[in-house]
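Protein chains in written order, with the working numbering: chain H, 1 to 1142; chain Z, 1 to 461.
Please keep in mind that the hints were generated in silico from the structure rather than gathered at the bench.
There could be a bad hint or two in this list.
Here are the simulated distance ranges between beta carbons [what the hints assert, rightly or not]:
{"id": "1", "chain 1": "Z", "residue 1": "S158", "chain 2": "H", "residue 2": "S713", "range": "37 to 47 angstroms"}
{"id": "2", "chain 1": "H", "residue 1": "G716", "chain 2": "Z", "residue 2": "S201", "range": "48 to 58 angstroms"}
{"id": "3", "chain 1": "H", "residue 1": "D976", "chain 2": "Z", "residue 2": "N282", "range": "28 to 38 angstroms"}
{"id": "4", "chain 1": "H", "residue 1": "D976", "chain 2": "Z", "residue 2": "S201", "range": "35 to 45 angstroms"}
{"id": "5", "chain 1": "Z", "residue 1": "F190", "chain 2": "H", "residue 2": "Q505", "range": "56 to 66 angstroms"}
{"id": "6", "chain 1": "H", "residue 1": "G716", "chain 2": "Z", "residue 2": "P157", "range": "31 to 41 angstroms"}
{"id": "7", "chain 1": "H", "residue 1": "T421", "chain 2": "Z", "residue 2": "E333", "range": "55 to 65 angstroms"}
{"id": "8", "chain 1": "H", "residue 1": "G716", "chain 2": "Z", "residue 2": "S366", "range": "34 to 44 angstroms"}
{"id": "9", "chain 1": "Z", "residue 1": "A432", "chain 2": "H", "residue 2": "P1039", "range": "33 to 43 angstroms"}
{"id": "10", "chain 1": "H", "residue 1": "P416", "chain 2": "Z", "residue 2": "K207", "range": "49 to 59 angstroms"}
{"id": "11", "chain 1": "Z", "residue 1": "P289", "chain 2": "H", "residue 2": "T421", "range": "23 to 33 angstroms"}
{"id": "12", "chain 1": "H", "residue 1": "P416", "chain 2": "Z", "residue 2": "P255", "range": "53 to 63 angstroms"}
Glycine is no exception: its CB is placed at the ideal position from the N, C-alpha and C atoms.
Residue-level listing of the chains:
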Amino acid sequence: MLHQIHITAMIRIVIVVGILCMPVVGFGQGNGRIGPGSEQGDVGLLGQSPTTGQKLNKKKERSVKIKFNIKDSAIGYVITQLAKISGNPLVFKQSDSLFAKKISVAIDTDDIMAAMKTTLRGTGLVATLGNDGETIVVAQPLEPVKQEQVQNSQKSISGRVMDSATGKPLSGASVTLVAKRLTATTDDKGEFRLTGIESGEYSITVRMFGYRVISRTINIGNESTTKADFVMTYMPNQLNEVVTSATGRQMRREVVNDVTKINVEEVIRNNPVSTVSELLTTRVPGLHAAKTSGQPGDPTRIRIRGVSSINTSNEPMIIVDGLEVRNEAGAASSSYTGNALSPLDQIDVNSIESVEVLKGPSAVALYGSDAANGVIVVTTKKGIPGTHRYSAAVKKEMSTMPGEWPLNYFAWGTYPATGLTEQQCSRSLWATAFPCVVDSISVYQILNDPHTTTLGRGSKDQISLGFTGGANAVRYSVTLSSDQEIGLTKLPDADVEMLKSENQQVSGRVRRPHRLGRTSGTSRFDFDVSTITRLGLSVGVTHSQKYASPLSSSGERAGVLPPARQEFGPGGELLPTGSGLLTGSGGFRNFREKQVDREQGLRLGAEITSLFRNSWHTRVSGGMDHRSTNGERSLPNGACYRSISCSGVAYDTGSMQSTLGSAIRWNSVINVSGQPFGHKYLSVTPVIGMNYTRSSERSYSVSGIGLPKGATSSDGAFLHTYKTSNNNRNTLGGYIEARLKLADRLWIPISLRADGGSALGSSVMPKFPKLGFSYVVSDNPSFEHIPLLGKLPSLRIRTAFGVAGKQPLGVEKYRTYNSGGGLFGVGNPYLMPERSSEWEYGSEVQVIDHSRGSLNVNATFARKTTKDLLISEDLPPSLGGFTQQINLGDVSNKSVEIDIESYLDIGIVVWNSGLSLTHARNKLNRLGVNYNENITAAGLNGVVNRHVVGYPVSSRWTRQLISYSDRNNDGIIEADEVVKSDSLVYVGAPFPKFQLNTHQQLTVNSSLTVSSVFSYDHGVTQNRGVPTYPRTSADPSLPLDVQAYSAHSNLAYVQTVSSLRWNSLQISYTIPKSLSSRLLGKQTASISAFGTNLNLWSNYRGKDPNVGARGRDPQGGSNGETFSDQGQLPSPRNIGIQVRLH
Amino acid sequence: MTTNKYRSRYCIIRGLIQVMVVAFSCLAAIGCRNLLDNAELPSGVQDARAIKSYEGAIAMYSGMTREFANMYGGTNSGSAESSFLTIASGLLSDELIYVTSGSEAWGGWLGHLDARILSDESDTYISGDGLFPRVNKFRVNSAELRSIIRKYASHIPSEIISTLYVYEALSEIILAEMYCSGIPLSRIDFEDNYTLTHGFSLDEVYKHALILLDSGAGYSQDNAQLESFIRLLKARAYLGQGRINEANATVSEVPTSYRYNLSFNSTDRKFVPVATRRIGDNEGSNGLPYVSSLDPRTRLPALTNPISPMTIGTGIEARLIEAEAYLLEENPEWLLRLNSLRTSCTDAAICPVPSPAGEGDVSGLSLLSDPATGPLLNQTSTDLRSRLNLVFRERAYWLFLTARRQGDLRRLVRNYGYDQSEVYPVGEYRAAAYGSAINIPVPIEEQITNRLYTGCNNRYE
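All chains should be built: construct the whole structure from the sequences, respecting the hints.
In structure tokens, the structure reads:
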């Protein structure tokens, strides 16, 4: 009796949940397809049916109490739910439009067949029980699926449908025996069964939302049951794919914006991807990623749909398992190594199931006042019920710097005006006042000489282990990873030899100063607390250690040494000077100076989803993201070896700085979506939600100068300085949304968010509206007669409008003080957030949908306008040189994004292809203040980044070359022999106008896979800040016009670049199942060889046009988005091997 | 039993969720204001509430002292060298000579300052980090902190309030000595916005400084140390106005051994001039021979000790002011005053030779009274200019590199009728010639951003 009550309650709950789920996940397009199960639905509780995985006997099924009241639901859906509850196999002809017919029915019975009968009353359909006593057949009485067929046949097909990447069972997949028009739907274990089949050869088609359709021929022999398993491959950009929005998970067709979703396992299996940044690079139309440098652990700058902000960060928001994590370099960041570790790359890519990129305000309006730059949604792996499975990946790679470096030409001569002789002539130094008369030229490049180069061979080792398993009620997934990387930078061999000869200690760290170590663990546990309540817990732990030397922009790394006149041997080699190369110039100090950033991260998250009062689906989540940093920079006593100057201060006896930081972000989110109301043509689903985020940062730093010999801390320093800081920031917001649905093909969400942030104060609560529509054109009889359009398997058009914001950096609204010096900021009590509004228009077209091939095209046009820019305005100097942040001006970004995905199955070869194109335009429309317009004398002699109305933000400007003349007839165009324009002229933008990325993958015989990625971009104007001296600046044998170009040194460094990069190639071989099953059981194994950054074709005269960081990059600052290679290490070339068990 | 367990568990979960929903709603309804009243603070910045307390005010006061010392003497990081008062004063006058270093192009702002070729578009104001905004920041900070103390830390020792008046007055005196007539004295209004002003004449600025000093005296609580400093500054303001007798009367009670030091420790303090700029030696033909005279008072080494106190006021200056006043009264005491300094100041420990970067190597002071090496002054000429030149030379040596020389040269032009070419460096400067600037123009940025400001009243005043 107790059991009976239990089951009844569970059934009731499941039915209610099922009903609730139906309009959310969407029912099929009148073709009898069943909506997705737990993996796709917003509610996702269908898979938790109490009958799942149970084999109730027939008698018990009949006696189960079934009581529910359902309105406006498709017949196919209702009978499927009934069959699921009872556990009976169900056969029906899903293509029959009768099954899409909406019915309303109230059932109160303990007999499944009686329930069926009640349900089908008046529909023209009947339900009968097969002679196996279990299978229920629903059909029209005279339709092809005859009852006799079922009764006369004892044959059946059963099997499992699984995800190719994860091995996860797919629930809700539709398995159709084409000839017989029989369809079965997979259960939570991914299992299906088709019965009532005669012997013979049949074609079976398997369809699943978001996955590629597969067809296979099955031979039914004499056995009563034939086994057939299917493995489906994820296919992005399908309309039925489930994607994330601020209000929860929805099917793509309901979402009015473009969302790029990356199935991570699929990507990392076939491509050499180690970090989330690498994952995103080249895979998201509209996203531009640029590496800060090629050093281990240096972050990547990510900009989505252009740059909107001048003074605030342009970094996107990051959401991990529903909770916002830190993505800014705050007070607690440690950046002794030049660039703080990227928060995004602290997330272990092996632990991620999917990454979604929500690109603009129209998509992220409901994320509120910090989301204007887009949102990156990371979902970690969930446990797969069933037997415990493990996966492992071991990767080993080697890094080198490809190619030769440009030669440096050193001119030598005299300065008659000063009497200096045997000097290195300089173009930028004293050029006007003291011309140099060149008498000789030496040619050298320190980085091309094996004996002197500061670049060696790097290495990287990565190992990852994953465990997953559990029962239906409790599932778990655990991923553990470790990376160890050694950068390319090294102490030159020449210096090592010299130091050894003088009995100097040269430790391993000094020889190879750039290193990165990272260990991480991620786990997720899902508990079905009850039939309506699920609890998810996720934990992420990371520990990173990044070592570097202060070589980031120094001559040693930039390759401009040696500064003094050198002697060369007959082979052009540099002759020893006796003092060592770097030691002789002070560079050895750079190697001895230890710089380390350590970071420990702990992320805890909990999410409860439940059905509240049988009407409201509730999702409550909360968690924290804690980062503790510990950075240190130390120069030991004695580092100023051989009397080398240590920055000219008296305390050359060593120094030490260290910082302890702690940043914690608390999140809590509540989202409630109600039951849709209305009628069958028009229904409205209400959604409300709130979130509260509190970010706290603390840091404590101490610096000391004058250390005792051998000191390892600053305790014994001669002089100490202490500093503490404590920052808090809160955001509180709420939203309401009404999702309108018309006739199952038009969706119109209308929503509004009100958001407050502590950077604005409690009196300001900006509102962020959102509106859009999504219309599925295909499968509409009205369009069937239109040529081409009527033939398209799938077509959707969409438009969205939304507003999102960006809060000020911090305390710009308030008067602030600095205990180290008084007034810090004047404040502006009228400050508001920047507001970005965006119109997005797009369409997804499936041109071909065939088991042998498919072609999907996704095109989007977006126009984003950011108003009320947060700009620092200079206040009069008589107030003390302060700036005040004000809201003024606007920036527009327009982008066209096209994504084409296709595959072709020609038997043993399957070709997957992806092509994404982005054309982006950025323009500063209005500014209103003389911001960044004051060009200094230094600016007039260089390449400057300016914010000028009518041009891109942070556009590059320099003076134009007007004319030149060799006035002193020495055959060399000097700097003072070049006439430049008085004013600056625009030369370009620091972002590409056009990007094209392509992914190609060939799979041969399901075992050999070749994947390759190419990327092309055009329009980045690079400021090649490396002050090398090219041949044109010193060689009189060159034509004067070439020399003139160089003599106008600005032009020698600024260049608009086009580049095509061969990003990666991976060849993977998967061990045949027959072999792996013997060796590894259910696991499979693959081995891969890969290479990255394989080649670069570019007109760039520097080394790498796509690497660079300066000014605020990558996390933000006050000077806009500058970008320059400026001595940064280019991307190295990596080759390696990988073994994966999965 | 099973059902009870299930029901119990179900009820707990449901109850938990209901509680969370209610809690959230309550939070939203009544807690928004409190939740949003915290603000993110950049590194090193104090929450305003922390400053608005006794401890906060003391901390800010301490920080301001450090800022002043850095502005006055220099640091080894960040700011451009012209941001430092002693360098700007030294370059514009004859104390320092600009030397091109390896990383600078000639013709930059330091060169302009040294060559006295200055327009309001000169690069003396760079990104809010020039001398003009730094002095003004100190000025508006002093007023702001006074307001904070009055409202939030009223029990703070009134000497601190007095010192803040003194600091503000000192800032104005510095502006009047260094910049052209037409100096805006804009202010940041406490707990409000800001107020811009037009440019004030030099006399108006000095007058305002004197008012501030009188106000400061009212809070000094008869603190002798502080009162002496106020007297010195008042005298300096009187000198600027040409009111020599008032100046003389004001400093009479300041003992010769008096010294006003700023003491603090910092890793970034550095006295830059001597490290990277050459000491002037007959610069522009009429500069003083600071080097070749071998005078021990100008032989300050490169002082980089970050913990030594910075002397910004001494009794020596009081005696020098008296000497100047007596000279104008034709009182022979003027020469005695000068010589008495030479004879009594034989040791820096007892005679406070001022130094912007702490105590230097002035061990040779005894040579000043040694007839063999540094004979006592014996001025027989009755020509006032000759005598004035002697007084001002003694001032230049005693107050070497303490940002007094520019003010003195300007006084010679404004108050004593000298032509600028008689006292400032003139003639050939590298490949060009010295200009005629006797002060620094207020940066052009003031005109751009302050609608009330129309520029200097007179570049040659």
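Cross-check of the supplied hints:
Judged by the Cβ atoms, the range 37 to 47 angstroms given for Z:S158 and H:S713 holds: they are separated by roughly 42 angstroms. At about 55 angstroms, the CB distance of H:G716 to Z:S201 agrees with the hint of 48 to 58 angstroms. Between H:D976 and Z:N282 the CB atoms are about 31 angstroms apart, so this pair conforms to the stated range of 28 to 38 angstroms. The beta-carbon spacing between H:D976 and Z:S201, approximately 43 angstroms, falls within the hinted interval of 35 to 45 angstroms.
Look at Z:F190 against H:Q505: about 58 angstroms separates their beta carbons, and that is inside 56 to 66 angstroms. H:G716 and Z:P157 have their C-beta atoms about 36 angstroms apart, which keeps the hinted 31 to 41 angstroms range intact. Between H:T421 and Z:E333, the C-beta spacing of about 58 angstroms keeps the proposed range 55 to 65 angstroms intact. Hint check: H:G716 to Z:S366, Cβ distance near 39 angstroms, so the stated range 34 to 44 angstroms holds.
Separation of Z:A432 from H:P1039 is about 35 angstroms and conforms to the stated range, judged on CB atoms against 33 to 43 angstroms. For H:P416 paired with Z:K207, a C-beta distance near 55 angstroms keeps the hint of 49 to 59 angstroms intact. Hint check: Z:P289 to H:T421, Cβ distance near 31 angstroms, so the stated range 23 to 33 angstroms holds. For the pair H:P416 and Z:P255, the supplied restraint of 53 to 63 angstroms holds, since their beta-carbon distance comes to about 58 angstroms.
Checked against the numbered hints listed earlier, the structure breaks none of them; every hint is satisfied.
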